[in-house]
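Visitor: For reference, the chains in residue letters:
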Amino acid sequence: MAVIATTTVDSDAGYAQRIESAGHQLTADEAKSSGGTDTGPSPYGLLLAALGACTSITLRMYAERKGWQLGHIHVELRHAKTHDGGEHIERDVRFSAPLTDEQRARIAEIVEKTPVTKTIKAGAAIQTRLL
Amino acid sequence: METEAMQTREVTITSTDAPFEQSINAGPHHFVSDEPAAYGGADAGPNPYDLLLAALGACTSMTITVYARRKQWPLERVIIRLSHASVHAEDCVNCEDRARRIQRVERQITLVGALTEEQRARLLQVAELCPVHKTLSGTLDLRTQLVGPDAAPGA
Numbered sequence: 002m003a004v005i006a007t008t009t010v011d012s013d014a015g016y017a018q019r020i021e022s023a024g025h026q027l028t029a030d031e032a033k034s035s036g037g038t039d040t041g042p043s044p045y046g047l048l049l050a051a052l053g054a055c056t057s058i059t060l061r062m063y064a065e066r067k068g069w070q071l072g073h074i075h076v077e078l079r080h081a082k083t084h085d086g087g088e089h090i091e092r093d094v095r096f097s098a099p100l101t102d103e104q105r106a107r108i109a110e111i112v113e114k115t116p117v118t119k120t121i122k123a124g125a126a127i128q129t130r131l132l
Numbered sequence: 147m148e149t150e151a152m153q154t155r156e157v158t159i160t161s162t163d164a165p166f167e168q169s170i171n172a173g174p175h176h177f178v179s180d181e182p183a184a185y186g187g188a189d190a191g192p193n194p195y196d197l198l199l200a201a202l203g204a205c206t207s208m209t210i211t212v213y214a215r216r217k218q219w220p221l222e223r224v225i226i227r228l229s230h231a232s233v234h235a236e237d238c239v240n241c242e243d244r245a246r247r248i249q250r251v252e253r254q255i256t257l258v259g260a261l262t263e264e265q266r267a268r269l270l271q272v273a274e275l276c277p278v279h280k281t282l283s284g285t286l287d288l289r290t291q292l293v294g295p296d297a298a299p300g301a
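Residue numbers (this note's numbering), protein chains in the order written: chain A, 2 to 132; chain B, 147 to 301.
Mixed in with the good hints, there may be bad ones.
[Unchecked claim] Listed next, with one range per pair, are the computed distances between beta-carbon atoms: (1) A:Ile111 with B:Pro220: 46 to 56 Å; (2) B:Thr262 with A:Lys67: 54 to 64 Å; (3) A:Gln70 with B:Val212: 43 to 53 Å; (4) A:Lys119 with B:Gln254: 16 to 26 Å.
[Claimed, not checked] The calculated DSSO-like cross-link candidates involving lysine-lysine, where the alpha carbons are at most 30 Å apart (straight line), are: (5) A:Lys122 with A:Lys82; (6) B:Lys217 with A:Lys82; (7) A:Lys119 with B:Lys217; (8) A:Lys33 with A:Lys67; (9) A:Lys119 with A:Lys67; (10) B:Lys217 with A:Lys33; (11) A:Lys82 with A:Lys114; (12) B:Lys217 with B:Lys280; (13) A:Lys82 with A:Lys33; (14) A:Lys114 with B:Lys280; (15) A:Lys114 with A:Lys67; (16) A:Lys119 with B:Lys280; (17) A:Lys33 with B:Lys280; (18) A:Lys122 with B:Lys280; (19) A:Lys119 with A:Lys82.
[Unchecked claim] Computed footprint of chain A on chain B, listed as stretches where at least three residues anywhere in the stretch have a Cβ under 8 Å from a Cβ of chain A: (20) 160-167; (21) 171-183; (22) 222-231; (23) 255-262.
Because the hints were derived from the structure by calculation, they are not lab data.
Keep in mind the model is a prediction, meaning the values are calculated, not measured.
C-beta: ideal position from N, C-alpha, C; glycine also.
Only chain A is shown next, with the shape it has when bound in the complex (with noise of 0.2 Å):
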């Protein structure tokens, strides 16, 4: 078993945490129509911070072992809940740098690949103990 990542979530009263995560600090909280103190990013806004953050940075690894230049990378994610009860989240990205036809459907194949895109995709085995 390889451990990839350990992170602590800290919380007194109300909805802002304090995240520490390999010597970083982050916030998270609601906003403030929901409730809370608008401090830092939702959940969902670290979910899909996770998501493009891996996307991007895998596609830029990719690309300097292939010698390709993709210039700026961004990336834009949308997460949405349906009245169904249904969800989905849209991915849009670009690359300021003009690529090949060849180029860009090796990347679209890349981009399914990208580690955390297979974690959300695929589902992760949570297992909770209460201490």
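Since the structure of chain A is already known, use the hints to place chain B on it.
Guide: Below, chain B alone, put in the same frame as chain A:
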């Protein structure tokens, strides 16, 4: 069948001039993600899997807090510790692909406060209802588009 979106959240990620550092905007909030130095990054922010765990942990803690508050239970503080591992599916009897891996997230929840055993047990159940938990433990419809600029001329 397509149904009209009820609630939408949007986040944008833009690459920077640093090898892997990403600039992230989520509503009014701005932060960065990066890889550690061991993977060629500058460790300027949490890596993508750290953000994924942060999303799950924050959602879990908020969901428990909201429930306890509504019940007026004496919950003073929630601490969640998460780790993500990729494990070989050795116990999978029907696996034909020996290289197959399953993903596992371990989540430890510490509830501080003078709660009864029944209240603690109920809050553990509530943790499973957190929306990000459901998103991660189910399968999600993820649609990707590569957009502009147009392919290079003559390609």
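Visitor: Is the hinted pair Lys119 of chain A and Lys82 of chain A satisfied, with a Cα-Cα distance of at most 30 Å?
Guide: holds, 20 Å
Visitor: Under 8 Å between beta-carbons, do enough residues of the region 171-183 of chain B, three at least, approach chain A for the coverage claim to hold?
Guide: holds (count 8)
Visitor: Please verify the coverage claim for the region 222-231 of chain B: does it have three or more residues whose C-beta sits within 8 Å of some C-beta in chain A?
Guide: holds (count 10)
Visitor: Would the pair Lys122 of chain A and Lys280 of chain B pass a check requiring their Cα atoms to be no farther apart than 30 Å?
Guide: holds, 12 Å
Visitor: Given the hint that Lys82 of chain A pairs with Lys114 of chain A, test it: the Cα-Cα distance must not exceed 30 Å.
Guide: holds, 24 Å
Visitor: Mind taking a look at whether chain A covers the region 160-167 of chain B? Criterion is 3 or more residues with CB to CB distance under 8 Å.
Guide: holds (count 4)
Visitor: Is the distance from the Cβ of Ile111 of chain A to the Cβ of Pro220 of chain B consistent with 46 to 56 Å?
Guide: Given a distance of about 51 Å, which is inside 46 to 56 Å, the answer is holds.
Visitor: For a C-alpha distance cap of 30 Å, please report whether Lys217 of chain B and Lys280 of chain B respect it.
Guide: Between Lys217 of chain B and Lys280 of chain B the Cα gap is close to 23 Å, so the pair holds against 30 Å.
Visitor: Compare the distance between the alpha carbons of Lys114 of chain A and Lys67 of chain A with 30 Å, and conclude whether the hinted pair is satisfied.
Guide: holds, 16 Å
Visitor: So if I understand the rule, the pair passes when the alpha-carbon distance is 30 Å or less; does Lys119 of chain A with Lys67 of chain A pass?
Guide: Satisfied, since the Cα-Cα distance of roughly 22 Å is no more than 30 Å.
Visitor: For a C-alpha distance cap of 30 Å, please report whether Lys33 of chain A and Lys67 of chain A respect it.
Guide: violated, 46 Å
Visitor: Regarding the pair Lys119 of chain A and Lys217 of chain B, is the alpha-carbon distance no greater than 30 Å?
Guide: Violated. Lys119 of chain A to Lys217 of chain B sits at ~38 Å, over the 30 Å cutoff.
In summary, the structure is inconsistent with hints 7 and 8 from the numbered list given earlier, while agreeing with the others.
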